[in-house]
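Enquirer: If you want the building blocks of each chain, they are given just below.
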Amino acid sequence: MKYKIAYKDVAKVTDDPLLKLKVEDLEKLPYLEEEPPIEPPKEKWLETYDFSLDWHTPFDIPKPKTQEEKEQLVFKFLSGLEKLFNPQANWTFLKIFKLTMEYCVRCQTCSDACHTYIASGRQEIYRPTYRSEILRRLHSRYFTPSGKLLKSFVGADIELNYKTVWRLLELAYRCNVCRRCALYCPVGVDNALIAREIRKLFSQEMGLAPLELYKKGTRQHLQKGSSTGMIPVAFNSTIEFLEEEIAERTGKKIKIPVDKKGADILLIHNAGEFIAWPDNPAAFAILFDAAGINYTLSSESVGYDGVNYGLWYDDIEATRIGLKHLMIAKELGVKKIVVGECGHAHKAMCVILDRVLPGDFALPQLPRESCLPLFWEIVKSGRVKLDPKRNDFPVTLHDSCNVVRLMGIVKPQRNVLKAICTQPVREMSPNGPMNYCCGGGSGFAIMNTLNFPQFRKKVTVRMKVKQILETFKDVLDPSINKMVVAACSNCKGAMRDAIGHYGLWDKYRILYSGLVELIVNAMVDIPPFLKWELEE
Amino acid sequence: MSGLQWFLVLFGWFSVLIFVVGNISKFVKFSTMPLNLRWEVYPVPHEPGEKRHYGGSYMEEIDWAKKPRHSSLAGELVEMGSEIFFLKRVREYNAFKIWPFSMALHWGIYLLFAWIFLLVIEAIFNVTAISPITNIVGVVSFILGAFGCLTLIIKRATVEDLNIDTPPILYFNLLFLLSIFVTGIISWRLDPSFEGSRKYIEGVVLFNLQTIPPIVIVNFLLFNLFLIYTPYSKFLHYLAKYFNFHQSLWDDAFKEKGSPKDMKNLEQVGYKFFWSGPHSLPDKTWLENAQIIEKGEKK
Chain F
4 MKYKIAYKDV AKVTDDPLLK LKVEDLEKLP YLEEEPPIEP PKEKWLETYD
54 FSLDWHTPFD IPKPKTQEEK EQLVFKFLSG LEKLFNPQAN WTFLKIFKLT
104 MEYCVRCQTC SDACHTYIAS GRQEIYRPTY RSEILRRLHS RYFTPSGKLL
154 KSFVGADIEL NYKTVWRLLE LAYRCNVCRR CALYCPVGVD NALIAREIRK
204 LFSQEMGLAP LELYKKGTRQ HLQKGSSTGM IPVAFNSTIE FLEEEIAERT
254 GKKIKIPVDK KGADILLIHN AGEFIAWPDN PAAFAILFDA AGINYTLSSE
304 SVGYDGVNYG LWYDDIEATR IGLKHLMIAK ELGVKKIVVG ECGHAHKAMC
354 VILDRVLPGD FALPQLPRES CLPLFWEIVK SGRVKLDPKR NDFPVTLHDS
404 CNVVRLMGIV KPQRNVLKAI CTQPVREMSP NGPMNYCCGG GSGFAIMNTL
454 NFPQFRKKVT VRMKVKQILE TFKDVLDPSI NKMVVAACSN CKGAMRDAIG
504 HYGLWDKYRI LYSGLVELIV NAMVDIPPFL KWELEE
Chain A
7 MSGLQWFLVL FGWFSVLIFV VGNISKFVKF STMPLNLRWE VYPVPHEPGE
57 KRHYGGSYME EIDWAKKPRH SSLAGELVEM GSEIFFLKRV REYNAFKIWP
107 FSMALHWGIY LLFAWIFLLV IEAIFNVTAI SPITNIVGVV SFILGAFGCL
157 TLIIKRATVE DLNIDTPPIL YFNLLFLLSI FVTGIISWRL DPSFEGSRKY
207 IEGVVLFNLQ TIPPIVIVNF LLFNLFLIYT PYSKFLHYLA KYFNFHQSLW
257 DDAFKEKGSP KDMKNLEQVG YKFFWSGPHS LPDKTWLENA QIIEKGEKK
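First to last, the sequence lines map onto chains F and A.
Heads up: the first sequence begins at 4 in the numbering used here, then just goes up one per residue.
Heads up: the second sequence begins at 7 in the numbering used here, then just goes up one per residue.
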């Protein structure tokens with residue numbers, strides 16, 4: 004019988020991992036006879052970095068060498084844990100956090116909601132309640148009278164040492180914060196929020212966060228203008244490049260509006276699109292030009308990158324970036340912000356920022372909307388002539404958690420696909436608000452330090468790969484091109500990983516795309532826009 | 007009344023008082039916690055029409071911030087009802103098939119309160135016409151409750167996924183509840199018409215307690231302890247559930263400038279930041295922190 008990892012194991016003072024993932028333990032994937040094995044971490048990494056959770060890590064932070072360094076980490080952790088329960092220090096999420104910490108009844112209903120837990124072959128450490136229970140027990144032991152008095156009777160039995168702290172940090176980054184578990188919970192507790200709160204504790208109190216989220220993420224975004232490192236001059240060059248590309252591919256001379264004062268809409272893309280998928284912002288430009296939308300992009304630092312990585316791990320970093328976005332919109336005098344195809348930017352701008360800034364930035368004062376309803380308005384208005392025959396191939400839709408489960412934007416993208424494709428949209432199972440995360444959520448798609456990408460490819464994207472294969476099971480014939488539509492940059496990043504790693508393009512001709520590219524592909528007055536090739 | 011009888015009467019009232027005060031104080035405590043950020047999850051049941059079924063929201067339209075909002079109280083009531091009375095999420099999603107047992111336990115508790123309520127009505131208004139119903143409610147409550155507790159204990163002890171590292175307090179809670187229902191069953195078997203229970207409730211309500219069988223005393227003492235314990239234990243999850251759903255998962259309302267929510271928000275962004283990370287300025291307020299990107303940067 005498999006040994007079930009217990010909560011206390013998190014404190015084991017050893018560099019041996021609690022779990023060594025093996026392909027044979029993972030959820031089986033249909034229609035794929037073999038897959039690349041799981042490689043152990045490189046020997047030289049093991050000497051320097053801590054892989055003691057599951058032989059994977061996104062942190063290139065050297066292990067502490069002295070006892071003093073370890074004690075310092077534990078001390079800071081306790082200080083941060085106390086602040087999580089402080090109504091002023093953690094006013095943003097205190098209520099939900101505290102209710103989750105105190106009233107989970109441990110029915111484990113949430114376990115089967117979690118794609119990571121299922122994909123891993125139901126490994127205990129990935130269960131949504133595992134990290135929450137550790138945090139709960141630590142808090143109980145160090146901060147509550149019942150824990151101090153009754154100890155193991157109330158579960159306050161986990162030893163706090165450097166290993167506990169480190170493994171808890173790792174555990175916070177084994178959850179995509181997709182919040183499917185919250186939808187399942189009979190008491191409405193939110194174990195995904197706990198993962199985020201642990202991330203917040205480590206970031207806001209200790210400055211510990213993955214390189215791609217902190218230093219190369221929010222810090223770089225605020226300091227240089229974009230988490231991609233793109234500075235304003237580079238942005239302007241990119242726009243010129245896009246205009247040339249559009250002219251070359253469509254014959255249309257389009258001037259992409261930048262910093263146009265008084266435009267109706269400030270359109271903010273995920274700047275990663277400009278670099279990884281430039282067809283996406285180009286398609287926006289083509290569509291908006293054809294539909295006569297009065298919009299502008301911003302070349303202001305931060306204003307041309309709609310991402311907000313703070314959403315995944317740090318409240319104040321999220322607010323700083325959000326505030327910059329809104330101030331830029333105010334300065335431009337636009338009527339509203341429309342968010343491009345980026346799920347977490349949707350959530351940050353349209354939902355989260357609502358209650359972290361004063362009323363001048365309230366939604367009625369400065370509306371923020373998704374691009375998806377606008378797409379549907381354009382398509383149904385008939386302003387742009389579209390021919391569904393241009394999109395005559397099997398299509399499925401991946402629902403971005405941020406847009407669908409966390410904002411309730413479900414129908415517009417389906418309506419658009421119905422109108423611009425000849426074949427009925429194949430729904431994944433489950434779909435809509437019950438969808439599985441792509442596996443790239445909460446920063447995973449961009450976290451590429453050490454061997455973390457292997458964890459993402461093997462575990463977190465796994466259920467999505469399974470869904471895609473099952474959705475296309477009757478058309479897997481490689482002579483038929485198939486498309487997974489994902490109106491979110493991070494989701495596309497995860498799709499790129501999944502399709503590349505499992506060879507879905509080579510074996511089955513399964514590709515991915517944003518939504519706007521398909522709309523533009525259906526425009527009758529320009530040549531077909533989609534490129535049927537996998538860009539690594 | 008003897009000293010013991012006075013104790014039983016006063017303890018009965020005391021337990022009710024603690025239960026009520028405990029619930030109210032927790033409600034006030036949860037209500038007065040800081041206004042959290044929006045953190046909703048769809049489907050949100052007060053969305054009107056088909057939206058609540060497929061999980062849609064007002065954000066599916068353009069210019070939604072300028073349009074009037076519609077919401078469906080009926081949708082919310084149906085969803086709440088299906089959770090409270092049928093434990094919908096446990097039935098649909100729990101992989102360990104605990105639903106029938108959890109239903110038995112919950113209905114055992116609901117009917118236990120209903121039974122005591124009916125006994126109080128009988129005592130105050132001296133109505134005996136409802137006695138047969140009262141008796142049936144009591145019997146069903148005890149049997150369902152005992153069955154639910156026992157099966158959930160067995161499930162927790164035997165299903166590895168539920169059992170792993172379970173702290174004793176969770177078993178204690180179930181055993182505690184079980185003891186109420188089992189003593190209820192014993193008192194019913196010894197006294198099928200519940201005369202002893204009636205005498206107890208009448209005595210406590212009217213401050214005139216007569217001699218009653220020991221098993222009835224034990225049964226009600228356990229119930230009184232349950233009332234005292236509930237507000238300070240996981241049993242209070244019903245209240246947490248209300249706040250989780252209404253002020254987190256279904257709280258999709260955006261704020262208006264100058265509204266009470268905005269005022270509360272304004273107060274909160276004025277709190278000191280406290281955190282000590284390298285990008286944090288603990289001596290500044292939340293809003294000042296939001297406006298400053300680098301340490302040392304002038305506001």
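Certain hints may be false.
As the list claims (entries may be wrong) - Covered stretches of chain F, as calculated for chain A (at least 3 residues, CB under 8 Å):
hint: 1; segment: 48-55
hint: 2; segment: 181-191
hint: 3; segment: 272-283
What the hints assert, rightly or not - Heads up, simulated DSS-like pairs for lysine-lysine below, C-alpha to C-alpha not over 25 Å straight-line:
hint: 4; chain 1: F; residue 1: Lys45; chain 2: F; residue 2: Lys23
hint: 5; chain 1: A; residue 1: Lys267; chain 2: F; residue 2: Lys338
hint: 6; chain 1: F; residue 1: Lys86; chain 2: A; residue 2: Lys263
hint: 7; chain 1: A; residue 1: Lys72; chain 2: F; residue 2: Lys86
hint: 8; chain 1: A; residue 1: Lys72; chain 2: F; residue 2: Lys383
Hints listed in this document are in silico derivations from the structure and should not be mistaken for laboratory results.
Each residue gets a CB set at the ideal place from its N, CA and C atoms; glycine is no exception.
Enquirer: Against each hint, give a clear statement of whether it holds in the structure.
Expert: Against the structure, the hints:
Proximity of the segment 48-55 of chain F to chain A, defined as three or more residues with a beta carbon under 8 Å from a beta carbon of that chain, is not established by the 0 residues found. Coverage of a stretch by a chain is defined here by at least three residues with a beta carbon nearer than 8 Å to that chain's beta carbons; for the segment 181-191 of chain F and chain A the count is 8, and the condition holds. With a threshold of 8 Å between beta carbons, the proposed coverage of the segment 272-283 of chain F by chain A is violated, since 0 of its residues qualify and at least three are required. A threshold of 25 Å between alpha carbons decides the hint, and for F/Lys45 with F/Lys23 the separation of about 14 Å falls inside it, so the pair holds.
Distance hint between A/Lys267 and F/Lys338 is fulfilled; the C-alpha atoms sit about 24 Å from each other, no more than 25 Å. As the CA atoms of F/Lys86 and A/Lys263 are separated by approximately 29 Å, the hinted pair breaks the 25 Å bound. Only pairs whose Cα atoms come within 25 Å are accepted, and A/Lys72 paired with F/Lys86 is rejected, the gap being roughly 38 Å. This hinted pair checks out: A/Lys72 and F/Lys383 have alpha carbons roughly 21 Å apart, not beyond 25 Å.
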